Structures are given as C-alpha cells and as structure tokens.
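Given next are the chains, with one letter for each unit.
Protein chains: 2
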Amino acid sequence: MIRHSNYQVDPWSLRECALDLEVLAQSESLFALSNGHIGLRGNLDEGEPYGTPGTYLNSVYERRPLPYGEAGYGDPESSESVINVTNGKVIRLLVDDEPFDVRYGTVLEHDRRLDFRSGTLTRSVTWRSPADAMVRIRSERLVSLSQRSVAAIRYEVESVDSSVNVVLQSELVANEFVPEVKGDPRVAEALENPLVGEEHMSEGHRALLMHKTKNSGLRVGAAMDHEVDGPGGVTSSAESINDIARLTITSTLATGERLQVTKFLAYGWSAHRSRPALHDQVLGALASARNTGWDELLKEQRASLDEFWSGADIELEGDPEVQQAVHFALFHVFQASCRSERRPIAAKGLTGDGYDGHTFWDTEMFVLPVLAHTYPVAAKDALEWRRSTLAQAEERAKQLGLEGAAFPWRTISGQECSAYWPAGTAAFHVNADIAAAAVRYQDATGDTEFEGTTALELFVATARLWRRLGHHDAQGRFRIDGVTGPDEYSALGDNNVYTNLMASRNLLEAARLAATHGDAAQGLGVTVEEVASWRDAAEKIFVPYDERLGVHPQSEGFTNLDLWDFSLTPPERYPLFLHFPYFDIYRKQVLKQADLVFAMYLCPDAFSPEEKLRNFAYYEAITVRDSSLSASVQAILAAEVGALGLAYDYLGEAALIDLDDRQRNTRDGLHLASLAGTWTALVAGFGGLRLRGGELSFAPRLPQEITKLRFTLRHRGRRLSATIVPDHATYELLEGKAMTILHHGDRVDLGGSPVDAELPAVIAAPEIAQPPGRAPLHRHQSRPEGAVTSLLPGGLHAVEGGSEIGEEVVERFDTDRETDQSRIDG
Amino acid sequence: MIRHSNYQVDPWSLRECALDLEVLAQSESLFALSNGHIGLRGNLDEGEPYGTPGTYLNSVYERRPLPYGEAGYGDPESSESVINVTNGKVIRLLVDDEPFDVRYGTVLEHDRRLDFRSGTLTRSVTWRSPADAMVRIRSERLVSLSQRSVAAIRYEVESVDSSVNVVLQSELVANEFVPEVKGDPRVAEALENPLVGEEHMSEGHRALLMHKTKNSGLRVGAAMDHEVDGPGGVTSSAESINDIARLTITSTLATGERLQVTKFLAYGWSAHRSRPALHDQVLGALASARNTGWDELLKEQRASLDEFWSGADIELEGDPEVQQAVHFALFHVFQASCRSERRPIAAKGLTGDGYDGHTFWDTEMFVLPVLAHTYPVAAKDALEWRRSTLAQAEERAKQLGLEGAAFPWRTISGQECSAYWPAGTAAFHVNADIAAAAVRYQDATGDTEFEGTTALELFVATARLWRRLGHHDAQGRFRIDGVTGPDEYSALGDNNVYTNLMASRNLLEAARLAATHGDAAQGLGVTVEEVASWRDAAEKIFVPYDERLGVHPQSEGFTNLDLWDFSLTPPERYPLFLHFPYFDIYRKQVLKQADLVFAMYLCPDAFSPEEKLRNFAYYEAITVRDSSLSASVQAILAAEVGALGLAYDYLGEAALIDLDDRQRNTRDGLHLASLAGTWTALVAGFGGLRLRGGELSFAPRLPQEITKLRFTLRHRGRRLSATIVPDHATYELLEGKAMTILHHGDRVDLGGSPVDAELPAVIAAPEIAQPPGRAPLHRHQSRPEGAVTSLLPGGLHAVEGGSEIGEEVVERFDTDRETDQSRIDG
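Chains as they are written, first to last, in our numbering: chain A, 1 to 826; chain B, 1 to 826.
Hints in this document: simulated from the structure, not taken from any laboratory. This structure is a prediction, so every number in the text was calculated from the model and none was measured. Here a beta-carbon is modelled for each residue, glycine too, at the ideal position from N, C-alpha and C. One thing to keep in mind: the hints can contain errors.
Pulled a few chain B residues facing chain A out of the computed Cβ check, cut under 10 Å [claimed, not checked]:
(1) 129
(2) 130
(3) 470
(4) 568
(5) 571
Chain A is nowhere near these chain B residues, computed Cβ spacing over 10 Å in every case [claimed, not checked]:
(6) 22
(7) 49
(8) 418
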C-alpha cells in the first residue's frame with residue numbers, strides 16, 4: 001500500500017483534497033484530535049458516513065468477561081475495552097429539508113487539513129444537494145491542549161447561489177451504534193450500549209448528558225454550549241432525552257449569507273465522584289471554555305504547540321514525505337500524551353479502539369524516550385500513572401508466586417488484561433522497560449525529586465520481581481527461565497538476552513537508587529542484604545552466546561532451532577501469526593520484530609562493534625517485521641553498523657506506517673510506537689544519540705537520501721539543536737547552561753555559539769539480507785545523480801552515478817570489514 | 001481419603017453395604033456397567049437421588065464452541081462433549097402412592113454388589129415407607145457383553161409385612177436435568193437439552209424414543225420392552241411423549257407376594273442412517289434381546305467374563321485390598337473396551353462425563369498394552385479406530401504446517417478438541433504413543449495382517465510427522481524443539497527425552513515396516529529415500545544428558561531450571577495447577593507425572609542400570625504426582641531399580657485411585673489409565689515383564705508385602721501364567737505352542753509342564769525421597785513380623801522384626817550400590 005493520492009505532502013499539515021469513502025476509516029484515524037484526555041476521531045461533522053465513530057476519554061472503559069476453553073490458575077477473568085463515549089462532534093445539517101450527506105448530491109469540493117502548528121482540523125466542502133441547492137461548509141475543530149476537558153467546533157454554512165432554508169442540529173449522542181462488535185456474544189453484550197443514562201438536561205443553548213458504564217461503574221458527563229451567529233430570523237431550541245441532547249437552529253440564508261455556530265464541548269468522568277459533583281464539574285469546564293472563547297482557544301492551542309515544537313522540531317532535506325511524516329508523528333505523539341496526566345498512553349493513543357484501547361510496553365520503550373527529550377512532563381506523568389498502579393502490580397506478583405511488582409502486559413486500569421499468557425504475562429520484560437523509561441526520563445531531566453520518589457518505588461518493586469523471577473544455577477549464573485522477550489514470534493524461552501540485560505540494568509539501577517536515597521529505600525523495607533543480592537544477580541546475569549556462529553542467541557538455544565522455510569511462505573501468508581500456528585512459529589528461527597537488536601540499542605556496551613554487526617546481520621535475515629514496533633529499532637542499528645541505505649528504508653517504514661497504511665489497520669487507530677520511533681530512527685539512528693547517565697553523545701551519519709537533518713531536543717532544562725549535513729555536524733545550545741556533549745566519542749563544549757564537528761568516515765556494512773520479500777520498501781527507486789552514497793575512509797566522497805551502485809560500494813567494503821571491524825562504530 | 005467403610009473388601013466383587021449420599025456420585029462411577037458401546041452409571045433404579053445421571057453411548061457427543069480471549073491461528077473452534085443420552089435405567093416405584101426414595105422413609109437394608117465374574121450389578125433394599133409399608137426390592141442390571149446394543153434390568157418388589165398397592169413406572173427419559181453445567185453460557189446452552197425429539201412410540205410393553213443432537217447431528221434411538229410377572233390383577237399401560245416413554249404397571253401385593261419386571265433396553269445411534277433405519281435397528285436389537293431372554297443374557301455375560309479372566313486373572317496374596325482392586329480394575333478396563341469396536345476408549349471409559357468424555361494418549365500408553373496381553377481384539381479395535389481418524393489427523397498436520405498425521409491430544413470424533421495448545425497440540429508424543437501401542441499389539445499377537453495394513457498406515461503417517469517436526473542441527477543431531485512431553489507441569493521444551501526416544505522408535509519401526517511390506521508402503525507413496533531419511537533421523541536423535549549431575553534432563557536444559565520451593569507448598573496447595581499459574585510451574589523443576597521415568601520403562605535399552613537409578617532418584621524428588629497417570633509408571637521403575645517397598649506403595653496408589661477416591665474426582669468417572677496401570681505395575685513391575693520384538697522377558701521380584709503373585713496373560717495365541725513367590729517363579733504354558741521366555745536374562749523353555757526358576761538377589765535401592773508430603777501412602781503401617789524385606793546378595797533372606805527396619809536395610813546397601821551399580825537390574 002502506498003500513499004493514497006488524496007493525501008497531500010506538506011511539511012506542517014496533512015491535507016486531504018478529495019473524499020474517498022474507501023479510506024474514510026483511515027482518515028478518521030489520521031485526522032484524529034486529542035489532548036491525551038479527550039480523543040475525537042476525524043469523523044465527518046454530520047456523523048455519517050463513518051468508518052468507526054469514536055469519542056474517547058482516557059481510561060473510560062467497560063469491563064468484559066474473558067472466556068477460556070481451558071482456564072488456568074491466574075488467568076485474568078475479565079478484560080477492559082475502551083468505549084465510544086458520548087459523541088459531541090455531531091452537527092447535522094439540513095438544506096431545504098435535504099440532509100447533508102456526502103453519499104447523496106454532489107461534493108464539488110472537499111478539503112480537510114490537520115495543521116500540526118495550529119492544532120486544528122479544518123474542513124471545507126462545497127456541496128450541491130440532490131435538490132440542486134449549493135452550500136459551502138467550513139468547520140474547524142479542536143481538542144484543547146490548554147483546557148483539558150474541552151473541545152470546540154466552529155461550523156459555518158454559506159448559501160452559494162440561492163436562498164436556502166437551513167437547519168443545524170448540534171448533538172450529544174450516547175450509545176451510538178458501533179459496527180463490528182463481533183466474536184464472543186458475551187463480549188458483544190458487554191460492549192453494546194455500554195452507557196446507562198443517569199441524567200439529561202437542556203436549556204437555552206446548553207445541554208448535558210450523564211451516563212454510567214454498566215460493569216466498570218464509571219460515570220461520564222458530556223455537555224455542550226453554543227454561540228450562534230447568523231442573519232436575522234435565526235431560531236434555536238434545545239431538547240434532551242436519555243441518550244441524545246440536541247440544539248436545533250434554523251435560518252434562511254440568502255445567497256452569500258452564512259450561519260455560524262461555535263460549539264463548546266466539555267467532558268468529565270469519574271469512578272468515585274457523585275452525579276451532582278460530576279455534573280457541576282462538566283458545566284464548570286464548559287463555562288470556562290465559553291468564557292475563554294473560540295479565538296482565545298485557538299491562540300492557546302497554537303501557543304502550546306509552539307512551545308512543543310521549539311524543543312522537538314525535526315527538519316530534514318531530501319525527503320519531503322518523511323519530513324511531513326515526522327511532523328505528523330510528533331504531533332500525534334504530543335496529542336496523545338500532553339494532557340494524559342497520570343493516565344496511560346494507549347498503543348493507539350485516543351485515535352481508535354484497536355487493541356481495545358490498551359497500553360503495552362510500547363509506551364515506555366517507544367513513546368516515553370521521545371517525550372523525555374521533547375516534552376518531559378508528559379513522560380513523567382505517564383510514569384506516575386504506572387506508579388499509581390503499583391498496588392495492582394504487587395497483587396499480581398503475589399498471585400504469580402513472585403515478589404515486588406508484575407506490571408500487566410496490556411491494560412487500561414492497571415489490571416492484567418491478557419488472555420494468552422505465553423505472549424502476555426510471561427513477557428516480564430515490561431517491568432524492566434518501565435524501569436528503563438524512568439531512567440531515561442531521569443537522565444534527560446535530572447529530576448531528582450522524581451528519582452527519590454516515583455523512580456525509587458518503581459525500581460525497588462521491579463528489582464524485587466527480577467530477583468525472585470531469576471535464580472542462580474550451579475555455575476553461579478543468574479538465569480531467567482521460561483519468559484517471553486519482545487519478539488512475539490518466540491515465547492517462553494530461557495535467558496532471553498534482551499530480558500536478562502534489561503533486568504540486570506534494572507537491578508543495578510535499583511541498587512544505585514537505594515544507596516542514593518537511603519532513607520526512602522529503608523521506608524520501602526529495603527535492606528543492605530537485599531541490595532547486595534540485586535547487585536550480585538545483576539553482575540552474574542547469564543547472557544548466552546553462540547560461539548560457533550559468533551552471535552548472541554535471542555534466547556538460550558535459539559540458534560539451534562530450525563530455520564523458517566521462507567520458500568514456502570508466499571507474500572499472502574504474512575503476517576505469519578494469521579496464517580501459521582504459534583506452535584510452529586515459536587519453535588523456528590523467525591522473528592516478528594527486533595528483540596536482540598533492540599537490546600543492542602538499549603545496552604550498547606554489552607556488545608562489541610563486531611558482535612553488533614554479526615548479530616544485526618544474523619537477525620535481519622530472519623526478521624519478518626510483522627510488528628509495527630520493529631522498523632524504527634532496525635533503523636537505529638542499521639545506522640550504527642553502517643548500513644545507512646537500509647536504515648533509511650526502515651525509517652520510511654516507521655514514518656509512513658499510518659500515512660501509507662502499511663499494516664492495513666490504521667482504521668483501528670494510529671501506531672503510536674512506530675510514529676514515536678520515527679523520531680528515534682532519526683535522532684538515535686542518523687544522529688547517533690545515546691544517553692548514558694545524563695551525558696548526551698552523538699554519532700551522526702547520514703544516508704545519501706537525506707542531505708540535511710536538523711533536530712532540536714530538550715536536555716536537563718536546556719534546548720539544543722544538531723544540524724547534520726554529509727560531512728559535518730553543527731551543535732548549538734539554544735537555551736540553558738553550557739554543557740559538554742560527545743561527538744563520535746570526542747568531547748564538544750556547547751555554550752554561546754554553534755560548534756562544527758566533522759563526521760568521520762562511515763564504513764558501509766557488508767550486504768545485509770532480509771527474508772525474501774520482507775526487505776523494507778526502497779522508496780527512492782532512482783537515487784539522484786551525483787549523490788553521496790557513503791563517506792569513504794580518509795574522508796573522500798564516493799560519488800555515484802546511478803541507482804544501484806550503492807550496493808556495489810557496500811560489497812566493495814566487505815573485505816575492509818573483515819580486517820578492520822573496530823571501525824564500524826566510527 | 002481412604003476407603004469408605006461402606007465398601008467391602010472381596011476378591012471378586014465390589015460390595016456396598018450401606019448407602020451414604022456423600023459418596024453417591026463416587027458409587028455411581030464405581031458401580032457403572034458398560035460394554036464399551038453403552039455405559040450406564042450406577043444410578044439408583046428409581047432415578048433419584050443422583051450424583052450425576054449418566055447413560056452414554058460411545059461417540060455420541062455434542063459439539064460446543066471453544067471460546068478464546070485471544071485466539072490464534074489453528075486453535076480448534078469447537079470441542080465435543082459426551083452427552084447423557086436417553087436414560088433407560090429408570091424404574092420408579094410407588095408404594096401405596098408413596099414414591100420410593102431413599103431420602104424419605106427408612107432404608108432398613110441396603111446392599112449393592114458389582115460382580116466381576118457375572119458382570120452384573122445387583123441391589124437389595126428393604127425400605128419402610130413414611131406411611132409404614134415395608135417392601136423389599138431386588139434389582140439386577142447388566143449391559144450385555146455379548147449383545148452390544150443391549151442392556152437389561154430385572155426388578156422385583158416384594159411386600160414384607162402387609163398388603164400394598166404398588167405402581168412401577170419403567171421409563172425412557174431424554175434430556176434429563178444434568179447438574180453443574182457451568183462456566184461459559186454458550187457451552188451450557190449447547191449442552192443443556194442436547195437432544196431434539198424426532199419420534200416417540202409406545203405399544204404394549206414396548207416403547208421407543210428417537211432423538212437427534214442439535215449441533216453434531218447424531219441420531220440416537222432407545223427402546224425398551226418388558227416382561228411382567230406378578231400376582232393376578234397386574235395391569236400395564238404404555239405411553240410416550242417427546243422426551244419420555246413410560247410403561248406403568250400396577251399391582252396389589254399381599255404379604256410375601258412379588259412383582260417382577262424384566263426390562264430389556266436397546267440403543268443405537270448413527271451420524272448417517274435415516275430415522276426409519278435406526279428405528280428398525282433398535283427394535284431389532286430389542287427383539288433379539290427379548291428372544292435371548294434374561295437367563296440366557298446372564299449366561300452369555302458370565303461366559304464372556306470367564307473367557308476374559310482365563311487370560312487376564314491376577315492373584316496375589318498378602319494384600320486383599322489390592323487383590324480386589326486389581327480385579328475391579330481389570331473388570332472396568334474390559335468393560336470399557338470389549339465392545340468399543342472401532343470407537344475410542346475414553347479416559348473415563350463410559351463411567352462419567354469427566355474430561356468431556358475425551359480420549360487421550362492414556363488409551364494407547366496405559367490401556368492398550370494391558371488389552372494386548374489380556375484381550376487383544378479390543379486393542380486392535382481401538383487402533384483401528386485411530387486409523388479411521390487418519391484423514392482428520394492428516395488434515396490437522398497440514399493446518400499445523402506439518403506432514404503425515406497429527407493426532408489430536410483430546411477428542412471423541414478424531415478432531416482436536418484442546419483449547420490450550422501448549423498442553424494439547426504441542427504434546428506431539430501422542431503420535432509416537434499410538435505407534436508404540438500398535439507395536440505392542442503387534443508384538444503381543446504376531447498379527448501380520450494388521451502389521452501390513454493398519455500398523456503400516458499409522459507408522460508411515462507418524463514417521464512423516466516426526467521427520468518434518470524435527471530437524472538436523474549443525475552438529476548433525478536430529479532435534480525436536482518446542483514440544484510438550486508427558487509431564488504436564490512442563491511445556492514447549494526442546495528435545496524432551498521421552499518424545500525424542502519414542503519418535504526415534506517410531507521412525508525406525510516405520511522404516512522396518514516399509515521394508516517388510518514394500519508394496520503396501522509403495523502404495524502409500526513411501527520411497528527408498530524417504531525411508532532412509534527416517535532411519536537417519538532416528539539414529540541421529542538427540543538425547544540430552546547432564547554430565548554434571550549424571551542424569552538425563554527431562555528436556556534440554558531442564559536441570560538448569562530453578563527448583564520448586566516445596567517449603568512454600570503446604571498440602572492444601574495441591575494439585576499445583578489449581579493453585580499456581582502454569583507460567584510458574586513450567587519454569588521450575590517440578591513434575592506432575594512420570595516423564596523421563598516413563599521413557600526408561602518404554603525404551604529400557606536407552607539407559608544403563610546406573611542411569612536408571614540416578615534418573616529415577618532425581619525425578620522422584622521433584623515429582624508431585626498430581627496426575628493419575630504417574631503412580632503405575634513409578635511403581636514399575638521403582639521395582640526395576642530395587643525400591644520394592646516404594647514400588648509396592650505406588651502400586652497401591654494406582655490400584656486404589658477410585659476405590660479410595662484418591663484424586664477426589666471419582667464422581668466424574670473412573671481413572672481408566674490408572675486402573676490399567678495396576679496390571680502393569682504388577683506384571684511389568686513385580687513380574688518384570690518386558691517385550692522386545694515379540695520375545696517375552698520376565699524379571700520377577702516381590703516386595704515383602706506380597707507373598708505370592710500369579711498372573712495369566714495371552715501371547716501370540718497362547719495363554720501362559722507366572723507364579724511368583726519370594727524365592728522363585730513358576731512359569732506355565734496353559735494353552736498354545738511351546739515357547740521360550742527369558743527369566744532374568746536366562747532362556748526358559750515352556751512346553752507341557754510348569755518350570756521353576758530361582759529369583760536372583762535384589763539389591764535394594766538407596767533411599768529415594770519424594771517431595772515433602774508427596775510420598776505414596778504407606779498402607780501397611782506395621783509390616784508383619786518375620787517378613788522378608790529383601791533378598792540379600794548370595795540368596796540369604798534378611799528377616800526383619802519390625803516395621804521401619806526395611807528403611808535401614810535400604811541404607812545399608814547404599815555403599816554396595818556405589819560400587820556395584822551393574823547389579824541393579826539383576
């Protein structure tokens with residue numbers, strides 16, 4: 001799937017210049033607005049047609065039973081599903097009694113634009129009704145980044161060439177029909193009409209609906225208010241019943257006259273607060289929004305985004321598609337998290353109901369590291385959310401016969417919602433991932449208050465888990481057996497390298513924090529002996545290595561497994577898990593996603609440069625990338641080992657996953673981890689950013705397709721930028737105290753003025769193959785003439801004349817690599 | 001739980017001398033009658049009270065959906081559940097309008113007896129009604145072993161001390177209320193009232209009901225006819241509606257007068273035959289039964305059992321409980337299988353609805369080897385059933401990406417019904433087990449026609465599976481990774497020793513059969529190259545060994561796993577799988593049941609005597625025996641390594657599993673594999689029977705508690721017996737051609753007269769420990785004075801004075817064992 005022709009390339013917005021109902025659901029995800037608290041899919045204002053109607057409130061879910069054919073002890077009995085709450089987006093329009101519906105009449109013009117700097121979705125439509133009346137409709141929608149409970153819509157209808165009677169019906173609709181609740185009838189029963197009406201109210205231009213979810217018992221309030229501006233003779237009346245509140249506005253528009261309605265929406269929910277309290281809360285938010293007014297909301301919106309972009313922008317030259325994609329990606333990452341405020345950031349943000357709205361390790365390993373350097377407060381909030389679920393994780397650990405905390409594989413509220421434990425509960429690495437995200441946040445901000453409180457609690461709880469989960473064998477090695485690593489095409493392995501290395505870091509960091517914050521640690525019952533046992537386990541961690549192949553097995557014994565027979569796997573049998581049983585997949589050397597390769601990024605010092613190259617090449621050949629979590633990680637390591645063209649192609653995979661609908665499920669929501677991974681592929685891949693104990697190091701290297709890369713990031717109260725061109729990089733401290741960074745291992749002091757640094761030669765990696773048909777899409781079919789393929793040793797530029805010659809250069813350097821492995825990493 | 005005091009010890013029957021409703025459900029299982037085609041639980045004649053009403057027809061099941069919280073490719077979508085078919089056992093009695101119900105009035109006498117030689121269940125009750133009328137009721141029930149579709153009941157009521165009006169209502173009842181259909185509501189929906197009425201008929205003393213199952217579409221017919229014998233004035237009338245047919249008989253009985261009713265029942269079912277055809281089939285069987293008559297049915301019953309016992313009886317002195325238990329066990333094994341006739345033998349036979357009436361590997365590995373030596377035709381039939389499901393197994397193999405056949409882990413019809421694949425589909429050893437059962441049958445009978453047809457087909461299909469399931473690694477070893485062995489507390493291991501050894505045998509035997517039956521093999525597409533690849537894989541099979549510990553790991557790496565913490569496992573937390581998650585259990589060294597130990601019995605030449613002892617001791621310490629499949633296997637190996645007291649205790653565990661309700665679920669049906677294992681524990685354990693390529697070898701050795709053991713078995717058209725006393729064994733050929741056997745490795749020719757052979761000394765094993773609290777029950781608390789504990793080297797008898805000294809003797813021989821390991825195995 002490549003980009004739909006309706007979507008236009010533009011650096012700061014996503015534009016759709018025509019309406020194609022085939023991609024309506026995809027558009028709804030792409031054009032979704034959110035602030036991390038409220039999420040509105042990009043549904044058409046008039047409600048229909050839709051792919052999936054979607055209005056979400058972070059953490060408003062319904063509980064549903066989890067069925068088992070053969071249940072086991074400890075299997076979660078219920079799961080949670082995000083629900084479509086009261087829809088306040090709907091503004092229906094009748095033109096001379098004819099409902100405005102794009103499926104009828106003629107759409108003469110359609111333009112939608114999601115603006116990454118204004119934070120609004122604008123729409124412009126010119127429509128000729130079946131009865132030949134022509135109207136122009138303009139709408140602009142925002143979910144406020146400044147006022148967390150507020151969204152607003154400005155809707156304007158203009159008569160183009162005649163006098164028309166128009167009726168606008170602005171609504172709040174609960175329990176909308178949601179298509180495709182399928183499968184288990186009990187699940188369908190739980191999720192159909194999840195809201196029970198508690199109150200409805202309408203007066204003047206205002207209305208409110210209060211509901212409560214049936215099983216999870218969450219109370220939801222939604223309210224709307226309106227400003228109406230039109231020619232004389234406008235009438236309005238409000239009404240409400242259980243699941244609908246409606247303001248009906250009528251007007252007669254002469255040619256060129258406009259009726260404009262500004263709709264303010266406020267949402268609130270609570271598991272504990274009373275109906276009157278929530279009622280007042282919602283109306284209060286609504287009053288505040290109305291008081292702020294539309295124009296001011298727009299200004300606040302832009303100000304929030306200006307602030308974000310000032311520490312997050314990435315500019316690149318040479319690839320306008322990826323330039324747009326990275327802005328799109330960062331915009332959605334920001335939207336999904338900025339006002340989450342101690343609520344989870346779901347795998348799809350609030351853009352769709354895919355994965356039931358659950359949060360996975362994606363958040364900690366893909367999204368939070370980006371936020372830590374671009375919008376740190378959101379990273380902190382997400383970690384505070386994890387801490388808020390510590391009691392549930394401790395309870396789960398007990399149930400599993402463990403100590404400390406066992407965080408859930410997938411959840412909304414904090415309880416484990418995975419019905420298939422080999423790929424859920426057994427994936428204990430999520431605990432180390434949470435700890436790693438806390439370290440990352442810590443290193444990026446130097447937030448010592450966080451370190452002594454939230455970080456310490458998370459580390460102590462997870463260290464206790466690891467200490468109990470592993471054991472020393474007769475040789476004294478600390479083993480972690482029978483767990484599942486990141487790769488979902490393997491399960492229940494012994495000594496997964498990723499898990500073991502991350503657990504080791506987790507234990508060491510816990511020991512460090514416990515020493516630094518002695519009193520607080522003592523308050524958590526940590527003793528000197530316990531800390532010693534953490535250090536011992538961490539130092540004795542078993543990292544299997546296959547001497548014969550010279551590579552690390554993903555888990556112990558992995559390299560003994562049978563190889564996947566790719567000759568029997570035609571393209572239509574991907575993704576594998578939909579066409580082969582797990583039994584078959586698990587017992588073969590085939591990967592869904594980066595696992596050991598991820599470990600090489602996260603724990604760079606645990607591998608020599610030679611090992612990194614051999615490992616990377618080994619796993620590239622067996623990774624089918626059926627997971628959206630893979631490409632960005634592969635991009636980073638490809639860049640590190642010198643496979644810059646390959647890194648570039650993986651960057652494209654990560655960046656364009658939703659714009660190009662690469663996984664064919666963007667309709668269910670955006671792939672937030674892959675979007676965040678775009679930043680990482682650029683900054684950690686081509687920028688070579690690594691962060692060790694608060695020190696920033698860069699090792700920039702550009703693929704030939706990108707002629708310039710500039711990124712800005714935040715670090716410990718500072719803002720700095722790096723501008724990379726093929727032969728040098730320029731670092732600049734934009735704000736904050738002077739600092740020292742590393743550039744390819746050399747110390748560079750940053751103060752008042754920009755500093756240039758040369759880029760050392762990159763030795764191109766030998767040819768690295770992917771499984772047949774699974775190489776990333778090679779987007780630039782013909783490389784520009786005269787482009788720089790790579791920098792040769794000695795600083796010479798190799799100038800290539802054609803498209804395929806880059807490959808030859810790679811081969812030419814094969815021999816060099818054999819004899820001079822130490823130079824791979826610059 | 002020890003034996004309920006109501007159950008009396010008697011060698012040839014099970015008697016219940018009082019009624020305790022607490023053990024009613026257990027009694028129903030113990031007193032069940034069956035012929036392998038029809039199964040009637042030992043419900044009271046009057047229908048109520050009951051634990052579980054149970055009337056079963058082999059392979060009559062209902063299909064039900066299998067739910068998944070997260071489904072995977074290849075997960076079976078539906079399962080099958082045995083259903084309670086039309087109940088023909090019911091004969092209700094009213095005494096002066098008072099229903100006879102043991103919960104009301106007074107039971108003055110209660111006696112039930114299951115006779116292992118007559119094959120009937122008799123009952124005698126004296127009851128005083130609440131209105132003070134006293135009646136004596138005698139009933140006798142049989143499920144005909146000679147007429148497969150027939151059951152019969154003789155019911156007699158006698159007035160004891162007054163004149164009473166009695167009414168008998170003899171019924172056929174479909175869709176009885178079945179208690180405790182719980183869990184998933186869709187499952188309950190599928191299994192509640194599974195029968196849809198198609199026809200009902202009544203005339204004279206006869207009646208018939210025809211039904212069809214809702215989802216599986218199986219047609220079931222049940223009919224009854226009656227002979228009524230009573231004083232003058234007996235009236236009768238028949239009636240029927242959709243789910244009930246009833247013959248009502250009235251009589252007035254003066255003191256001492258009796259009303260006797262003989263009820264003949266006929267059953268039939270079909271997936272294909274039309275209603276009229278099945279109707280006629282059932283009435284035809286009924287007519288035949290009536291024509292045979294009650295007395296003749298009794299005679300045929302006894303004749304069938306006489307024939308069985310003549311080749312199956314086991315006598316033992318010194319333990320009347322086990323003597324009864326082994327007769328009980330063999331009776332039920334025979335009942336469950338004798339007329340199965342190409343239908344499966346379920347784990348619970350037809351005695352209850354436990355495990356949904358499914359068949360597992362239990363049949364092939366526990367039941368069929370016993371039948372092969374006692375009633376071979378039933379073993380053959382069961383293997384023919386497996387062959388009849390070959391097409392489904394081949395289809396399943398394809399679905400799993402394999403070749404050949406993948407037989408289901410649990411099934412009724414042949415389709416995989418396991419909803420939890422790590423413990424189901426992944427347990428591929430079932431395929432080698434089926435092949436092994438075919439070899440066993442083959443070796444025990446010399447049935448060459450079977451070898452060239454059914455056996456060949458099964459072997460070719462399973463060899464193809466193994467060849468594809470395994471692969472050669474870089475060292476040339478043939479590995480089978482990611483499969484589950486017999487032990488259900490481990491899953492998805494690499495190179496499970498049991499599986500690999502059995503697969504190797506499977507492949508070699510397939511190669512042998514293909515060579516012997518060249519044309520037939522060619523017909524199955526077998527080529528010389530294919531056969532060579534089987535031999536190569538078999539010879540290169542990887543059998544992991546832990547050099548450090550000197551034991552075989554159950555699967556590769558098993559001995560590296562953490563040990564289970566038994567100190568944190570109080571008795572109430574067994575069975576472990578109900579109190580700990582599989583994740584925890586799988587990753588620790590803890591076994592539910594014999595696994596490697598079973599391999600040592602089945603593949604005795606793959607282990608040295610020293611290895612057997614070390615392995616046995618190692619696994620004893622970590623086997624918690626939560627499975628009923630374990631004790632008999634442990635008994636065999638305990639005997640082989642010289643732990644005779646331990647072997648004796650395990651024998652008791654296997655033998656008394658249902659009589660003592662050791663697993664507390666006998667209510668759901670009998671544990672057929674454990675019952676069959678009683679035979680194996682005695683014959684292969686204390687008799688030392690091994691069978692290699694048709695040659696019988698014995699290595700008898702008795703525990704002190706058993707002073708004499710005699711068993712009869714069939715072998716290749718012969719009957720022979722072995723009588724073992726502490727110092728010698730006597731072998732006798734009872735029927736058939738002269739033959740040679742091995743006695744402790746020495747050839748013994750058997751012809752006309754019995755042959756005596758001395759028993760060599762047994763070197764007692766060193767102390768072998770089980771997990772705390774998990775040692776088998778030590779039934780004889782005080783050993784008889786002067787009993788022989790063991791035979792010392794040199795043929796001297798060690799005479800012990802007390803109960804615990806046997807343990808000391810064991811310890812005394814510890815040193816001997818270290819220096820003379822080669823003598824362990826005699």
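Okay, the hints, checked on the actual structure:
no.	hint	verdict
1	129	46 Å, violated
2	130	45 Å, violated
3	470	8 Å, holds
4	568	8 Å, holds
5	571	17 Å, violated
6	22	27 Å, holds
7	49	30 Å, holds
8	418	7 Å, violated
Going through the hint list in order, the structure does not satisfy hints 1, 2, 5, 8.
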